[in-house]
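Enquirer: Chain by chain, the residues run as shown.
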Amino acid sequence: MINKKVTKKEANEILKENNNRLVDETLTDFVSLQNINKIYPNGFQAVYDFNLGIKPREFVALVGPSGCGKSTTLRMVAGLEEITSGALFIDKVYSNYLPSKDRDIAMVFQSYALYPQLNVYDNIAFGLKMRRLPKEEIKERVFAAVKILKLGELLDRKPKQLSGGQMQRVALGRALVRNARVFLMDEPLSNLDAKLRVQMRAEIMRIHREAKATTIYVTHDQTEAMTMANRIVIMNKGFIQQVGKPMDVYNDPENLFVATFIGSPSMNVIKANFKDGKVFYDKYEFALKRGFAKKIQSFYEKQKESLTLLKESENLNDHIKEIESANIYVREQATFEVPKKKWFKFSFKKKQKKEIDNTLEQDDHKTLEKYINANEKMLSGEGELYLGIRPEYFYLANHHNLEKPSKKIDVEVEMVELLGNEFIIHFQWFGNYMQAKIIDGHPISIGDNISLVYDLDKLHVFDIESGLVIK
Amino acid sequence: MSSTRGKKITKTVAFITLTIVCILMLLPIVWGVFGSFRRSGDFTSYPASFFPSKWDAFTLDGYRELFSKTEYIPTHSNEYFPIWNWLFNSLIVAIGGTLLYLIIASFAAYAFAFLDFKYHDKIFYFLIGTMTIPGIISTTPQLINMNMLGAYKSILGLILPGLGGVYGVFLIKQFFSNIPKDLIENARMDGASNMRIFFNVVLPLGKSALFVQGLFGFMGAWNDVQWAQLIIGNAPRTTWTLAYGLKVISDNSESYEATTLVLASAVIAMIPILIVFLIAQSKIIEGVASTGIKR
Chain H
1 MINKKVTKKE ANEILKENNN RLVDETLTDF VSLQNINKIY PNGFQAVYDF NLGIKPREFV
61 ALVGPSGCGK STTLRMVAGL EEITSGALFI DKVYSNYLPS KDRDIAMVFQ SYALYPQLNV
121 YDNIAFGLKM RRLPKEEIKE RVFAAVKILK LGELLDRKPK QLSGGQMQRV ALGRALVRNA
181 RVFLMDEPLS NLDAKLRVQM RAEIMRIHRE AKATTIYVTH DQTEAMTMAN RIVIMNKGFI
241 QQVGKPMDVY NDPENLFVAT FIGSPSMNVI KANFKDGKVF YDKYEFALKR GFAKKIQSFY
301 EKQKESLTLL KESENLNDHI KEIESANIYV REQATFEVPK KKWFKFSFKK KQKKEIDNTL
361 EQDDHKTLEK YINANEKMLS GEGELYLGIR PEYFYLANHH NLEKPSKKID VEVEMVELLG
421 NEFIIHFQWF GNYMQAKIID GHPISIGDNI SLVYDLDKLH VFDIESGLVI K
Chain C
1001 MSSTRGKKIT KTVAFITLTI VCILMLLPIV WGVFGSFRRS GDFTSYPASF FPSKWDAFTL
1061 DGYRELFSKT EYIPTHSNEY FPIWNWLFNS LIVAIGGTLL YLIIASFAAY AFAFLDFKYH
1121 DKIFYFLIGT MTIPGIISTT PQLINMNMLG AYKSILGLIL PGLGGVYGVF LIKQFFSNIP
1181 KDLIENARMD GASNMRIFFN VVLPLGKSAL FVQGLFGFMG AWNDVQWAQL IIGNAPRTTW
1241 TLAYGLKVIS DNSESYEATT LVLASAVIAM IPILIVFLIA QSKIIEGVAS TGIKR
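Note that the protein sequences, when read in sequence, are chains H and C.
Using our numbering, read the first sequence as starting at 1 and increasing by one per residue.
Using our numbering, read the second sequence as starting at 1001 and increasing by one per residue.
The set of hints was computed from the structure by calculation and includes no laboratory data.
Computed from a prediction, not measured in an experiment: that's the story for all the values here.
The beta carbon of each residue, even a glycine, is placed where N, CA and C say it ideally should be.
Some hints could be false.
Simulated restraints on C-beta separations [stated by the list, open to error]:
#	chain 1	residue 1	chain 2	residue 2	range
1	H	G164	C	F1117	35 to 41 Å
2	C	F1107	H	P99	20 to 26 Å
3	C	F1050	H	G164	55 to 61 Å
4	H	P99	C	F1199	17 to 23 Å
5	C	D1116	H	N315	25 to 31 Å
6	H	E10	C	I1104	34 to 40 Å
Start from the sequences and build out the full structure, keeping to the hints where you can.
Expert: Below, the structure is given as structure tokens:
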């Protein structure tokens, strides 16, 4: 019944027949998102085929650069955004069309969304008043929340008189008093300064534990996601890139995007040449694990199959977009340009839609062709690969205890960032800008010539077109 | 050094200009207020003077006359000024009409700002478009409408046409649109109905827009003469409004004899507006408070 396509009106009728609830008893997840798509009325698709099961009391972080669809996903769970297709279950109840207030969720907004005309007590009590709870109970619950959040002396203050951290705590309190089973948090810490942010991180984790709630936490800050969540969902351009425990995501990224997005400073990526089972850059040959050439071979054979299947696919465009979304994460850089004054702006009507669709389809087929060609080239034993190594896995050549160190790399230090007991060294290696994080007592300064080695076990290899990891 | 001096000069010039404009604006009013205490004959001898020329020329006759002709005397039917009725009618029209309009306009504005119904932007643009039609064009149809509704020759006919105004909806909607959406969404998730969101969240934050619109609406209704003449011009004098009544008084007294009377009536008409303006002004400033949202 749930997977059948129905209009909103029909769905409402079905709901009415079933006492406003559609329950799927087979689900073990507390919050379950199945094949969820979100297409805005203007045709922009923000979320593609989102699948995720969230266990009770789990702390899940959705993380990704801005515009990756994480907030949209959260808002769909909250009921603030309509779900275009797919199914959402909260506590086994089909919730696609359930009004937010009946979903048993509480949300913390980035802007805190405190009512400026109400004092702290009334702000926290607002949701309970709307639910027409008895006054005594409201008081009890508010005081309980106030105790957890240590807001005691602020109860009669207006939001204007609070600091950012205090406003944040009030916003948390408002979610807390609801005794909701799911907490949704939309970048709750991004308006705080760095020190307070670290403090509030711990606070939120504590609240999550004490309230025994399930939390879905949206952030663009990968450090926040790594430190707080039981599980991370990394998104880009509307696609899930990887779901996993923070450590797994860090150690075994599934594609280039995850590899470069997670970790700070981000992973060094080098475009290397591949020929006859050997990977090298200029004259430097990368030592690979034994039997890795075979792995490369089998990876591309597998990929060939899936790419040929794509040829017949109806929504090729989506697949291409998915492949593209897995590529290197580049922090958006400001472009400098003197703004031009426009006195007149002419706009012409767009060409007929059908024509555009046709060219788009042709473009997609061309792109696919490009992928297949690259794939063929790799299979024939020649081509290019991305190699990734995290800055943390560089060591000074004369000062390491690695089992499998790489060959020495001699570089000149271009810049040093001192972080207390460790250095971040910026250097160029065959024209690639790279960073190394070195934990070592002895000082390194700009202009020094040093020899570095890296941990061979920590070298990641990625396909150049799809960005997928080869392992 | 030079920049602060330049600033000072700019400030001084601005101050002087504003003072001159203020004086020019205030002069007729001051002249009128003082004039309402001068004997009619005094005007002929010293028209440019502000004050009564001598103590004898000071009088309260204008006000006395205005408040003394409240009884209907068939022989002097042209000099029947039921001013208390007029005041009452004016208050009903101005306050009642404004309040009714504020309710309608703010509900409409809420819908346009926060509710997602089909074609809501197109309907809004259409309404805005109707503002381009000059009011004079709709006068005759409105008159026919009022007649059909049985509101001709009654103060209801003064209230009803104003309730369909677009400008207030536009003004209040623009103000509501500045209220952060998060607040509305949060309230909705807390289980608040639209009515409760409107009264508990939107209204407290958007009240200054309502004060502004209320002030404009009140002044418009209070000072309205043209439409009043069409609707209640032929009605018994007891259903007139103050503005129209005073207009009739000044129309009937073109001779210098009644200048005092005319000016006195003008002062009377001015007082409520002054009070309303003073109250609303302080409220508007009070209402423009921080929204309490960190951005």
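Enquirer: Hints first: check each against the structure and report whether it holds.
Expert: Here is what the structure says about each hint:
| no. | hint | verdict |
| --- | --- | --- |
| 1 | H:G164 <-> C:F1117: 35 to 41 Å | 36 Å, holds |
| 2 | C:F1107 <-> H:P99: 20 to 26 Å | 21 Å, holds |
| 3 | C:F1050 <-> H:G164: 55 to 61 Å | 58 Å, holds |
| 4 | H:P99 <-> C:F1199: 17 to 23 Å | 20 Å, holds |
| 5 | C:D1116 <-> H:N315: 25 to 31 Å | 28 Å, holds |
| 6 | H:E10 <-> C:I1104: 34 to 40 Å | 35 Å, holds |
This entry satisfies every hint, going by the numbered hints stated previously.
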